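Could you put the whole structure together from the sequences, leaning on the hints where they help?
Going line by line, the protein sequences match chains X and H.
Per this note's numbering, residue 18 is the first one in the first sequence, and the count goes up by one each step.
Per this note's numbering, residue 38 is the first one in the second sequence, and the count goes up by one each step.
Hints listed in this document are in silico derivations from the structure and should not be mistaken for laboratory results.
As the structure is a computational prediction, the values presented were derived from the model and not from experiment.
A portion of the hints provided could be inaccurate.
[Claimed, not checked] Pairs of lysine-lysine, DSSO-like flavour, derived with a Cα cap of 30 angstroms: (1) Lys410/X / Lys174/X; (2) Lys174/X / Lys28/X; (3) Lys436/X / Lys410/X; (4) Lys232/X / Lys430/X; (5) Lys436/X / Lys243/H; (6) Lys436/X / Lys28/X; (7) Lys367/X / Lys430/X; (8) Lys243/H / Lys28/X; (9) Lys243/H / Lys430/X.
[Unchecked claim] Here's a subset of chain X near chain H, in silico, CB distances under 8 angstroms, partners left out: (10) Gly98; (11) Ala101; (12) Val385; (13) Tyr395; (14) Pro550.
[Stated by the list, open to error] If you want the ones that stay clear, here's a sample from chain H, every Cβ over 10 angstroms from chain X, calculated: (15) Pro96; (16) Leu97; (17) Phe104; (18) Ala112; (19) Val115; (20) Val140; (21) Leu182; (22) Ala192; (23) Met251.
For glycine and all other residues, C-beta sits at the position ideal for the given N, C-alpha and C.
So the chains spell out like this:
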Amino acid sequence: MLLLGPTGCGKSTLALCLNGLIPQLVGGEMQGHVSIRGRDTRQTPVGELARQVGLVFQDPEAQFCMLTVEDEVAFGLENLGIPAENMDARIAAALALVGLSEQRHTRLDRLSGGMKQRLALAAVLALGARILVLDEPTSNLDPQGTADLFAHLATLKRQGYTIVLVEHKLDELMDLGDPAHPGQGLVGRVVVWGPDGRIAATGDPHTVFQQQAGKLLEYGIWLPQVTELAYRLSRAGLPIERFPVNSAEAQQLLLPFTTHGPGTASAAQPNPISGRHYSIQAVGLEYTYPRGPEVLRGLNLEVQRGELLALVGANGSGKTTLALSLCGILRPTHGQVQLDGADVSRLDGKQLAAQIGYVFQNPEHQFVTASVADELAYGLRLRHRPEEEVQGKVSAMLEQFGLTDQADVNPFKLSQGQKRRLSVATMLILGQEVLILDEPTFGQDRSNAYRLIDEMRRLQQEGCTIVFATHDMRLVAEYATRVAVLDEGRIFFDGSPQDLFAHADALRRAQLRAPALYSLSRAIAACKPTWPPLATIDEYCAYLGVRCA
Amino acid sequence: MSLFDYYEGKSFLHDCNPLVKLVCNAVVLLGVVLARDPRVPALLIVTLLLATWLAGRVPLLRILRSFAPFFLLGAALVLFNLLFYRGPRAHSLLAWGPVVLSVEALRFSSNVALRMLSLISFALLFVSTTDPALLVLSLIQQGHLDYRLGYSTLAAYRLAPFFGTEYGIITAAHRLRGAADAHGPLAVMQRMQRYALPLLASAVRKAERVALAMDSRAFRAAGRRTYYHSTQVSWRDGLLLLSMLALVVILLELF
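See the structure below:
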């Protein structure tokens, strides 16, 4: 079962209700009741429930308390008072279920994020849980880690486990078939929550996505891209009866359509690159963490003014390190970064801040004052700008980023989406021409993500240079004018998104996957060679000759 | 990754019970306190470092490298005490203007430094050869520590490096806002105050998440807890304790 809902609707709270932590250990008030196999979670001891229901949380770093894989799985068994001699077999069985048998004696800090999430799964499987509740388990994972976790979930479902999944990476998920029931997807039922915390729709994926697509988009919930495509095409007037929920269905749906538009694909994005002016130039960058690994190895990268460059690569490939080096926060061990022709290592904090903005993954990190308005005014006041100018700019920014009502609120009290918008706004108020963002859409629901990206696009069109690190290939397809793939500390590929998607080797090396719509167009082209490669909804609309809103 | 850290391996010392090693620490401490002659802590240092190498199979280079900064600290301590010694000076070694170095001053200052270093040596032996998880286990199983406290400590230990990273990110983030350029004690204090909130916020959040994850796996739920690994007290521990006692007694007798 798949649970969908906008940020803050209470999905994580529900997860805690399912294993009795709410109301038994976590404070608060709960009305109504939950029963697991006929037993009320309010009365059944948490220890008993742990044998039935297993929870896997979002953050792979913060759900363990031991130091090795084996000990971590043993931890729950110890809590239940299982005799030590019976543990060995149960640990082995649980690790085998998630494909971690070989890592049994590995220390946790040497596991990748994807492995950690599978370990969290093994730790609850060992307790005998037949009901698995996963709360956005893949949001910290790269595409490969995500695919591995989903594949193991599919196997578990086949073995009769009940799975409740809160997730927004729907493309990968909906494409997974249920091997036991051919023609049926892994997801049997979808439950959608509205922003008010009530259930807005429930049913099998077809019913929900078919009947509620518009409502879901309005709530800011991610849809499978193929469904969204069909929805937009049908809104534009194409006769589509039944929205597809996975690639195979979308392929069947689109095959009969012939193009009404221009015979060739509308080439990706127009590249508004002005001249040959370099905004950022990195030459021979090397970076080695103190007593740690060498992350960048002689990397060269040039970013022209007005580009929207995406940095992609597997977890740990050096995206964040590169981003931090570009703006002078990390001093490269070798090599040089030039910002508008000036060596960044020679700029002090104030000068840097005037030229370049950097939005961290966690927006809280950059907050320095106690109210939203002060936060925005901070950089200006630091430069002793006249107070009228400060007030004017601040209120304009508040307006632009939809934060006017929150002007006096403490930044730490904002919602996730608001925090993110505030951190971008504070980074722009000085009029910086270069903006670097680390995973800007991480953990955001659809409406927050798009609000932010549209803002980025607007800035780029005004002439700003924007670099962002991401795992989200849809974002790359829709927005990036150029994409650079990092692998082993170097740029392995540098070109347009379209070229990257066609470059299977680069995708594999960087553990990436082409976006769902691109793969779809290639699958169609296999039957109908006239289909060009298309990667975004807009490109499909243009090719099919319809105007999409 | 610090050098003064657990060194994964198999050896006599790795197999000893952590709690017994802690008791040995007390023995060394007692020896150091009772010693009147600087040769006692000096020989203790040599023996302990050799033991870490031979009985703990920690590479000699690693031992020396982790010990070196403390050695320098010790040397600085000696120098400082030599210069500012205010006790009786019967036997002058060297007189140079107002600076007089005496045998008494040398004895006193080296005594202070060597005592400190011998305790550091044992800490090095202990930390290099003791798996933190086993330490907690033996504290719970043999030391009768409340297991809830023990496991919470272990969970916190696991998160420790995270705070280091987090602190680094926050300072960088504030620097980019232009908020870190001011100098002087007041600016530093204000800066610390600004770092504290995001650091605390993420610490509380992480801790809360770990606690929920532990509770979801029935932590504190069942009446009796079992242990997958049990730490035992074996002949090794007897041998270790006896030899440590013997060493200290012999050294104290000799000097």
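Is the Cβ of Leu97/H more than 10 angstroms away from each Cβ in chain X? Non-interface label stands for Leu97/H: nearest chain X Cβ at 19 angstroms, farther than 10 angstroms.
Non-interface label on Pro96/H, tested against every C-beta of chain X at 10 angstroms: Answer for Pro96/H: holds, closest chain X Cβ roughly 16 angstroms.
Holds or violated: Lys174/X to Lys28/X, with C-alpha atoms at most 30 angstroms apart: 21 angstroms, holds
Classify the hint on Pro550/X as holds or violated, based on whether any CB of chain H lies nearer than 8 angstroms to its CB. With a closest approach of 39 angstroms, the Pro550/X hint is violated.
Would the pair Lys232/X and Lys430/X pass a check requiring their Cα atoms to be no farther apart than 30 angstroms? 28 angstroms, holds
Are all beta-carbon distances from Ala112/H to chain X longer than 10 angstroms? 24 angstroms, holds
Given hint Lys174/X paired with Lys410/X - CA-CA distance at most 30 angstroms: Since the Cα atoms of Lys410/X and Lys174/X sit roughly 54 angstroms apart, the hinted pair is violated (cutoff 30 angstroms).
Within 30 angstroms, alpha carbon to alpha carbon, are Lys367/X and Lys430/X? The hint holds at about 27 angstroms.
Distance restraint between Lys243/H and Lys430/X, which requires alpha-carbon spacing of 30 angstroms or less: Distance ~17 angstroms between Lys243/H and Lys430/X Cα, so the pair holds.
If you take the shortest Cβ to Cβ gap from Ala101/X to chain H, is it below 8 angstroms? Holds - the Cβ of Ala101/X comes within 8 angstroms of chain H, reaching about 6 angstroms at its closest.
When you check the alpha-carbon spacing of Lys243/H and Lys28/X, does it fall within 30 angstroms? 19 angstroms, holds
Can we trust that Leu182/H is non-interface, i.e. its beta-carbon lies farther than 10 angstroms from all of chain X? Its Cβ never comes within 10 angstroms of chain X, the nearest being 15 angstroms, so this holds.
Figure legend: structure checked against the earlier numbered hints; hints not met, in rising order: 1, 14, 22 and 23.
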